[in-house]
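Asker: Each chain, written out:
Number of protein chains: 2
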Amino acid sequence: MQNFTFYAPTYFVFGQGKENQTGRYVKRFGGTKVLIHYGGGSCVRSGLLDRIKESLDYEEIPYVLLGGVQPNPRSGLVYKGIEICRKENIDMILAVGGGSTIDSSKAIAAGVLYDGDFWDFYEGKARIKKALPVGTVLTIAAAGSEGSPDSVITKEEGMFKRGATGEALRPRFSILNPELTQTLPPHQTAAGITDIIAHLYERYLTTTEEVEVTDRMIEGLMMAMIHEGPRVIEDPNNYDARANIMWAGMMAHNNSCGVGRRQDWNSHNIEHELSAQYDCAHGAGLAVTMPAVFKYVMHNDVTRFAQVANRVWGCKMDFYHPERTALAGIEALKSFLKSIGMPTTFAELGAKEEDIEKMADVCVNGDGRPGYLSGFVKLDKQDVMNIYRMMI
Amino acid sequence: MQNFTFYAPTYFVFGQGKENQTGRYVKRFGGTKVLIHYGGGSCVRSGLLDRIKESLDYEEIPYVLLGGVQPNPRSGLVYKGIEICRKENIDMILAVGGGSTIDSSKAIAAGVLYDGDFWDFYEGKARIKKALPVGTVLTIAAAGSEGSPDSVITKEEGMFKRGATGEALRPRFSILNPELTQTLPPHQTAAGITDIIAHLYERYLTTTEEVEVTDRMIEGLMMAMIHEGPRVIEDPNNYDARANIMWAGMMAHNNSCGVGRRQDWNSHNIEHELSAQYDCAHGAGLAVTMPAVFKYVMHNDVTRFAQVANRVWGCKMDFYHPERTALAGIEALKSFLKSIGMPTTFAELGAKEEDIEKMADVCVNGDGRPGYLSGFVKLDKQDVMNIYRMMI
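So the sequence lines, in the order shown, correspond to chains A and Y.
The opening residue of the first sequence carries number 1 in the working numbering; numbering runs sequentially from there.
The opening residue of the second sequence carries number 1 in the working numbering; numbering runs sequentially from there.
Hints in this document: simulated from the structure, not taken from any laboratory.
Computed from a prediction, not measured in an experiment: that's the story for all the values here.
If a hint is listed, it holds; no wrong ones were tucked in.
Pairs count within a copy or across copies, as identical chains cannot be separated in the list.
Derived lysine-lysine pairs resembling DSSO-like cross-links, with alpha carbons at most 27 Å apart:
(1) Lys129 to Lys18
(2) Lys27 to Lys130
(3) Lys129 to Lys27
Chain A extracted, bound-state conformation (with noise of 0.2 Å):
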């Protein structure tokens, strides 16, 4: 096990009707002036949104509206956020939605509080030292950023698709009220489900050796994930399966899950340059892109992918032909991803061929990339081609 710090000083409020005292929160983590940051228009026609402001109206705290995210968050949307802050002397940013809504709160939470460019931070030209509070309202079980240090953009000129790290981008609070998710359509659901089992492979797969303690907590948060799955997406109103995932979710990407050993992120930036080009969920993406990466990396280490297959997904471990249950496990992976409705090809997600080259060359060398992928094995563009190719 390697060295590491971990510190996760986010309050989490779990419950029904809990986003109700939002306002309470954000007085207790003294906001006085906040942006209420949201996407479209849904938490808007759920009430969610005016349910929210009565809260704050009740702690007596104002508020400024700036709604709009997309998926995909983009630049152009945080930067109108940082100077909307500037202006109005917003001293707190309260996320309304799903990742992206988060991830763009606390790009504008970084941004408002440093002279540059807010971008500097995405393309690693500076480090995120200090940020505004944010606190969220989650609306979607599946980034994990109601609970992380981590925010992804993407940037218009380009579509570079970035993500950027600082310990002050932590919410301050999120309240994770598993009915506020009840209502999201089945495609959104999976693509969430997706997105938290990557969160927990890109972590399992490691070089770092003698990692049982995370090996062991990452594998039961598949496993729930395995279980709860199906059934959220039989009854979207099932509360208890939403609520197992909505946790676990949190806890898959907190990374008290991901201490001390070397993590990979290849699948999550490969799949970045497919929902930058085709705008597609990052989660129906991620669907695609895990199992290629996978099959293609697998010899790098057959043990940790025999082990996962027969710990997790109950293959029979071909102690003579490892490889075999290793690859029983990444078609158990796709089956299931199938199974709750996400895409398993390229096509399925508007991709197309001839844009594989230029994919691949922005995925290692653009703005300001080294050339290559590092993780669980170093890819170089030929590499991530293949994998694109693998899509097909």
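Chain Y: place on chain A using the hints.
Answerer: For chain Y alone, coordinates are given in the frame of chain A:
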């Protein structure tokens, strides 16, 4: 799953040699004059205390020393610590040791800022609202107190052993260097492993339905302990096994795998009378107590005991006789604890049959107790006597 709040803002610094940075973290978390609280002579003899003093000297942070914490820490030393802190204007407690030292430090931290008798917190007469900040340098993986809001103290008058909880007690920072545990005697290492497993079982035994995600996390941590425990008993210098156990010990008790579910804690309550009465190691007491308690209560939910037997201990599921599987799991736990050198009988703890009635009485009726234990099953005095008898 039940509603809950979860807030675990401890800063963890994990790895070799990290205790030499203690001064830096004291400073970062605002300590300007520190009480260094510790136990016996081992941290003096090993040079650990000197290294910590040096790192405080380097940061020019003055300190006062208070050693002498015993296993099953006593109220007498807490009163002394409170007096010193007030007289010397101490603003941070630095615990150097295991659960006993950390728990004693937490009691002092809460007591300093309280006008009444600190024991009020431990007999439920007052709630902990504030405390001096506590930092820890952990020297034994066991109690999980380095990441928990809990503290257990024994009052000399009557030898009442009682716990208190308060979010203000969560350490501000905890330094976890697995190397520091390599010099522990095997008995203490094994007692620590047992305590960690007990913290997992106490959360696992629940009457709350639909808790798959936390079930799976708990099971994963248990399996990691079963894997690493024997390795560290075989080779005390196995750093990686020590490291896995140390992180498991924290995760087992910071409650991220216990949220949203009713918990048990009857094994702890019944054990506390043993360690209070005979001054045995808490973990050793738990090794004798757990199998007895589990056999006594398993018929309340055979499925739960069969599940842990099958998933964690690898017992074949007997579908027509699940109670056989359940029992096999309890026997597997008992064999495991014996294999790492833990006692399995009352006599090995130095416990006496003639004390049973008195202990059961104190356990359920003593010092403000309601006359029964609640948790997975409600237990009255007769039940507790029956359980003690099963240990003979």
